[in-house]
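Given these sequences and hints, build the entire structure.
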Amino acid sequence: MSLKIDVVRKIYARQGDTPERVLFEGLSLELADGEVCALVGPSGTGKTSLLQMVAGLDEDFTGTIEGRPPDIGYLFQTPRLFPWRTARQNLELVLPGRVERAGELLAEVGLAGSEDVYPQRLSLGMARRVALARALAVEPKLLLLDEPFASLDTATSKGMQDLVSAQLQRSRPTTLLVTHHWHEAAALADRIVVIDGSPARIVENRAVLRPRAAE
Amino acid sequence: MSLKIDVVRKIYARQGDTPERVLFEGLSLELADGEVCALVGPSGTGKTSLLQMVAGLDEDFTGTIEGRPPDIGYLFQTPRLFPWRTARQNLELVLPGRVERAGELLAEVGLAGSEDVYPQRLSLGMARRVALARALAVEPKLLLLDEPFASLDTATSKGMQDLVSAQLQRSRPTTLLVTHHWHEAAALADRIVVIDGSPARIVENRAVLRPRAAE
Amino acid sequence: MRTVDLRSGAGWQGIVSILLFICLWHISALWAGSRLFPGPVSVLSSLLQEIEEGVLPYHLAITLARVALSFVIAMVTGTALGIVLGRFRGLDRWLHPWLIILLNVPAVVIIILTYVWLGLVETALLVAVAANKIPNVAVTLREGARALDKDFAEVAQIYRFRPAVTVREVIIPQLAPYLLAAGRNGLALIWKIVLVVELLGRSNGVGFQLQSYFQLFDVTRIIAYAAAFVLCVLLIELALFAPLERRIERWRR
Amino acid sequence: MRTVDLRSGAGWQGIVSILLFICLWHISALWAGSRLFPGPVSVLSSLLQEIEEGVLPYHLAITLARVALSFVIAMVTGTALGIVLGRFRGLDRWLHPWLIILLNVPAVVIIILTYVWLGLVETALLVAVAANKIPNVAVTLREGARALDKDFAEVAQIYRFRPAVTVREVIIPQLAPYLLAAGRNGLALIWKIVLVVELLGRSNGVGFQLQSYFQLFDVTRIIAYAAAFVLCVLLIELALFAPLERRIERWRR
Amino acid sequence: AGEMPTIKIGLLRFGTVAWELDTIRHHGLDRKHGIMAAPVEFATNEAAKVALQAGAVDMIVTDWPWVARQRGEGGSFSFMPYSTAVGVLIVPQASRITDVSELRGKRVGVAGGPLDKSWLLLRAFAKRNKGLDLAKEAEPVFGAPPLLNEELARGRIDAVLTYWHYAARLEAAGARPVLTVADMIRGLGVKEEIPMLGYAFREGWASEHPEALKSFIDAAREAKAVLASSEEEWKRLAPVIGVGDDATLDALQSGYRAGIPHRWTGDERRAATRLYDILRDIGGEQLVGQATTVDPGTFWPAVSY
Ligand SMILES: Nc1ncnc2c1ncn2[C@@H]1O[C@H](COP(=O)(O)OP(=O)(O)OP(=O)(O)O)[C@@H](O)[C@H]1O
Ligand SMILES: Nc1ncnc2c1ncn2[C@@H]1O[C@H](COP(=O)(O)OP(=O)(O)OP(=O)(O)O)[C@@H](O)[C@H]1O
Ligand SMILES: [Mg+2]
Ligand SMILES: [Mg+2]
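Residue numbers (this note's numbering), protein chains in the order written: chain A, 2 to 216; chain B, 2 to 216; chain C, 35 to 287; chain D, 35 to 287; chain E, 1244 to 1548.
Just so you know, the hints here were simulated from the structure itself, not pulled from any lab data.
Ideal Cβ placement from N, Cα and C applies to all residues, glycine included.
Mixed in with the good hints there might be a few duds.
[Said to hold, decoys possible] Below are the DMTMM-like pairs computed for lysine to aspartate or glutamate, each with C-alpha atoms no more than 25 Å apart in a straight line:
1) A:Lys-159 / B:Glu-205
2) E:Lys-1275 / E:Asp-1461
3) D:Lys-184 / A:Asp-59
4) C:Lys-184 / D:Asp-183
5) C:Lys-184 / B:Asp-59
6) E:Lys-1379 / E:Asp-1524
7) B:Lys-142 / C:Glu-188
8) A:Lys-142 / A:Glu-67
9) D:Lys-184 / C:Glu-283
10) E:Lys-1478 / E:Glu-1284
11) D:Lys-184 / A:Asp-34
12) D:Lys-184 / C:Asp-185
13) C:Lys-184 / B:Asp-18
14) E:Lys-1478 / C:Glu-87
15) D:Lys-184 / A:Asp-18
16) B:Lys-142 / C:Asp-185
17) E:Lys-1379 / D:Glu-156
18) A:Lys-159 / A:Glu-140
19) A:Lys-142 / A:Asp-34
20) C:Lys-184 / B:Asp-72
21) C:Lys-184 / D:Glu-203
22) E:Lys-1478 / C:Glu-86
[Unchecked claim] For the chain E half of the interface with chain C, some residues (derived, Cβ under 7 Å), not all of them:
23) Arg-1256
24) Ala-1286
25) Thr-1287
26) Ala-1290
27) Val-1293
28) Ala-1294
29) Gln-1296
30) Ala-1299
31) Pro-1389
32) Gly-1485
This is how it looks when you write it as structure tokens:
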């Protein structure tokens, strides 16, 4: 089943001194089942907000999101690990009944040896990798990735891209990937959507032609 | 006066389930007055830790930091804005007696119109730009920048680089710049230092040849 | 800002809710039909009578003054102590048992000792109340101080905030929920302790009146005095705590 | 883990600190030389005598049982209420005035009413204590619930944690400092209320004994009973609160 | 008039002492004897004791066993009589209890706690005359007097041993007295009328103001005489007493009159000493502390009639 995003209007109401902000006014996007879509756009246009809406975390807008599966993996823009749980325990929490997977996943994101570290004692890059592992751990049917490779050095970033790529090949989740780097988008996505403006609109929406799409 | 970093040994002690970690063992670096040094290295090697030590926030190591001026600007890896103060008020806090500068700075980082927004209602990229503005606001003699251009789209990132570049030209602070992108390092730094390994050592330390250095 | 205040203020729900409470009270009193459970009407008439005679205003004013003074003393000292203990783990290890002891010594023991040592004077009352309440505030604020975010403290250190600025802009906002909890509980607790202290050694105040009417088992008057104080607290709530609360709500996501 | 427990535990400082307290007490009692300020030696001998006669263990056990039961009731109900009010702003607007009223009704009024209505029985005591303490817990935990991080709640929602898991893994850890504050203050407060409730209408318990000795002005025995309870609390501290506290400290930076 | 010594008396707002003091002041009996009697109101008996200890008042009304005990522990207080009325054992109108022996297995409300003098005397009385140990064979319910009155009215206890002025209210409402403390004392073989309650004061203060003390006792006895004879006086006092209905006022009036002590000589003092032994035997060390016998100074020697 395809994912149909149809936002008629999304407003952040005035609150305290924060002024009102009309974020979207008519924004539609349809993702085929298993399609990987890169979402690109300037800082502050509403990429994260859109992901929250797609994930069902923000229902305060007019419009509809159709075809959202129950299994979602969401890499938030900040790691959001539970600080009172070690890296391993954070993964175990989303892997009930399969806790041995936690160690394997941590090794895959290059954190073998740091399994028992509490999040506040991880470097930011390490914490984001744990969060990435968590998003992939649930083998979701809908994968939302908010800048998965930011704050990582080139080599680590490459490794993570390969990891995500492998998972996309394997379980083919419908994916929305926010990124600021065209090469990341080109490497992973079937389609690139650019949003811009205030209220934000889709200013570009084009397919990526590459081997995988032809498979 | 030059900044002399001389770390004999830095250990994060075992704490709770978190195992002990020997971070540095013999790491020396000297920065000439006004020199801009890019610090590069894989995620989790200790770049942030080194910045904390240089800033004087972490004094729990054997070794010395000499020549640290009192005026420091530090862009932390996370924004660390006070959530109970709007973007503008966050800047005003570090600008006693020059509060009108706050508005100008916000405009310079592209946040005109978002002055009265509380940080938790800013996008991550916006919050990081406010934090960058804060680090530059104090016109420091020592500037520590922990991945200043991460989480920003290409255009905004370019704008911020120009802003930092202008400030470096103008007030010539001694600068340590953590980055994962060689082009950023090349554009701004006089020297690139690469650290790697556990415990981390300087594996590369070379000057960047470019017009500015010749000025 | 004005719209916000109206929207998130106590607003009409608060007033309706109090009216509802009074209605429920009225109905259950009618239903019970006992002189030991007077309804709001007879309480109000007792209240008015006591006001007319000038007794209630006199005793209430005295008690309010005592509560206010003790409240300020206990909150300031307790907060300072709590922050210090929360920040300096070494000191806390030493003082923690003392705090627990002071926290659990029955009010009556403290009251007897202070009255006997300082005499039946106003200072003794203030000391007794403060000694009773300070540890409570300190225990709450200590948890708050421990939960303070190091990240923010480091920002304050780097940008060399003056101590006063650090307290006002960095520490207090983080402690706000703890201060609110300690403040609300504190007001209630201090008022209750003042009552006990008054009945054990003062010749005026609401506590003295309550006990006197207790001996006559005049439940209506007892409730009238309680109601008068509760009314004052509801006003303080409206004037002090509610605006503070709104300030916190302003910046939360 | 074992090393950590030793390092951050109450440890030797706690014991030394208590000994120091007793020394100071001894010296000031000597210096005062008044029968109204007995030193630790005479208190201890009274204590031993009361234990020998079996009176103190009997009354202390009864009071401890009452305190324990009321504590559990008040903490569970208060926490649940606090979390609900903290999360559902609409409901809070309606119930907040009721909470403030209940918080500020003098203990003695609640006690009288429950005793009169339920008779001088054990249930009345439990109801009176719970009604006195629940609003305090609720007010503290409500602040905690309001400060809950939405970020974590969203993670729990996305990964579809079962409600029990969400409570245990997401909510409780964030509320821990509030729970600790409410717990410590709660224990102390409940004990103090139980004393009052006992002295007004029960025929056993520490409060009842205190009242009897108060009538005789036997300050030594009064302090002996207080000391016995404080000792119990120090043990509870060691066995319950201190380990909880250490668990929090483990993950903080 | 400015020269007149002032005596501060700690009392309860609605207590019996307040009535007497109001009579003294209303009729100017204190000024007539060259003193000023100043009432200081407290909310509880304990508060008054604290005030006496702290030196905030010169005199309070309490029982002499308390004085004896304090003396045993170094508190040099002394005593002179105020009233022989203390407690009354009272049962509901419909109750079939007519004698102490019928209290076996019953719930008996007791005001003031297990070391209260009335309760100890009742226990001693029951034991000596009926062979009944009330502490074990009845079920005492200790509580605050107003609450106990309520319990009795609701039939949740079978009898109550309470202070006479609380008992008077119950009587006015129809309850029936079974035994007074005066009866108990007689039943224990003490023939003299012993005033259990009296004015307690610091010895040091009394030796400094012997005249004032004497004047006060004279004024107080004159007030008692007024209260013993005049009905009008009680009508006047009604608001001070805090009662509305005549039945209660009547009951209080006769209760008060019955408690007026008429003799205070060596006989009574010696009898009190014997009574103390009885109390000590049943109340134990918890009651008497270190004072195993009555110190002679317990009863202020300069006052007798
Ligand atoms: N809770 C909120 N209340 C009010 N305004 C908000 C809130 N969250 C976001 N905004 C505003 O909505 C806009 C979009 O925010 P969003 O986080 O979606 O941007 P983004 O595209 O993810 O940016 P970035 O690349 O910097 O992360 C911003 O202007 C922000 O200020
Ligand atoms: N407070 C701490 N306690 C224990 N270990 C810590 C602490 N802070 C950092 N570490 C460890 O030190 C190492 C270096 O961390 P640091 O944050 O300096 O890395 P970094 O180079 O900045 O990485 P990144 O590029 O991911 O930000 C990591 O392995 C981390 O787990
Ligand atoms: Mg974003
Ligand atoms: Mg880092």
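May I ask you to test the interface hint for Val-1293 of chain E with respect to chain C, counting a Cβ-Cβ separation under 7 Å as satisfied?
-> Where the cut-off is 7 Å and the nearest Cβ of chain C is about 5 Å from Val-1293 of chain E, the hint holds.
With 7 Å as the cut and Cβ atoms as the points, is Arg-1256 of chain E at the interface with chain C?
-> 4 Å, holds
Straight-line alpha-carbon gap Lys-184 of chain D to Asp-18 of chain A, limit 25 Å = It holds: about 21 Å lies between the C-alpha atoms, which stays within 25 Å.
Quick one, are Lys-184 of chain C and Asp-59 of chain B close enough, alpha carbons at most 25 Å?
-> 12 Å, holds
Using Cβ atoms only, decide whether Ala-1290 of chain E comes closer than 7 Å to chain C, and label the hint accordingly.
-> Result: holds, 5 Å to nearest chain C Cβ.
Are Lys-184 of chain C and Asp-72 of chain B close enough, with their CA atoms no more than 25 Å apart?
-> Holds: Lys-184 of chain C and Asp-72 of chain B sit about 20 Å apart, inside 25 Å.
Close enough to count: is the Cβ of Ala-1294 of chain E nearer than 7 Å to one in chain C?
-> 5 Å, holds
Are Thr-1287 of chain E and chain C close enough, Cβ to Cβ, to be under 7 Å, as the hint says?
-> At about 6 Å, which falls below the 7 Å cut-off, the nearest Cβ of chain C leaves the hint on Thr-1287 of chain E intact, so it holds.
Hey, Lys-1379 of chain E versus Asp-1524 of chain E, does the alpha-carbon distance stay inside 25 Å?
-> OK: Lys-1379 of chain E and Asp-1524 of chain E at ~16 Å, within 25 Å.
Would the pair Lys-1275 of chain E and Asp-1461 of chain E pass a check requiring their Cα atoms to be no farther apart than 25 Å?
-> The hint holds at about 10 Å.
When you check the alpha-carbon spacing of Lys-1478 of chain E and Glu-86 of chain C, does it fall within 25 Å?
-> 24 Å, holds
Was the hint right that Gly-1485 of chain E lines chain C, CB cutoff 7 Å?
-> Nearest chain C Cβ about 5 Å off; hint holds.
The structure fails hint 11 only (numbered hints given earlier).
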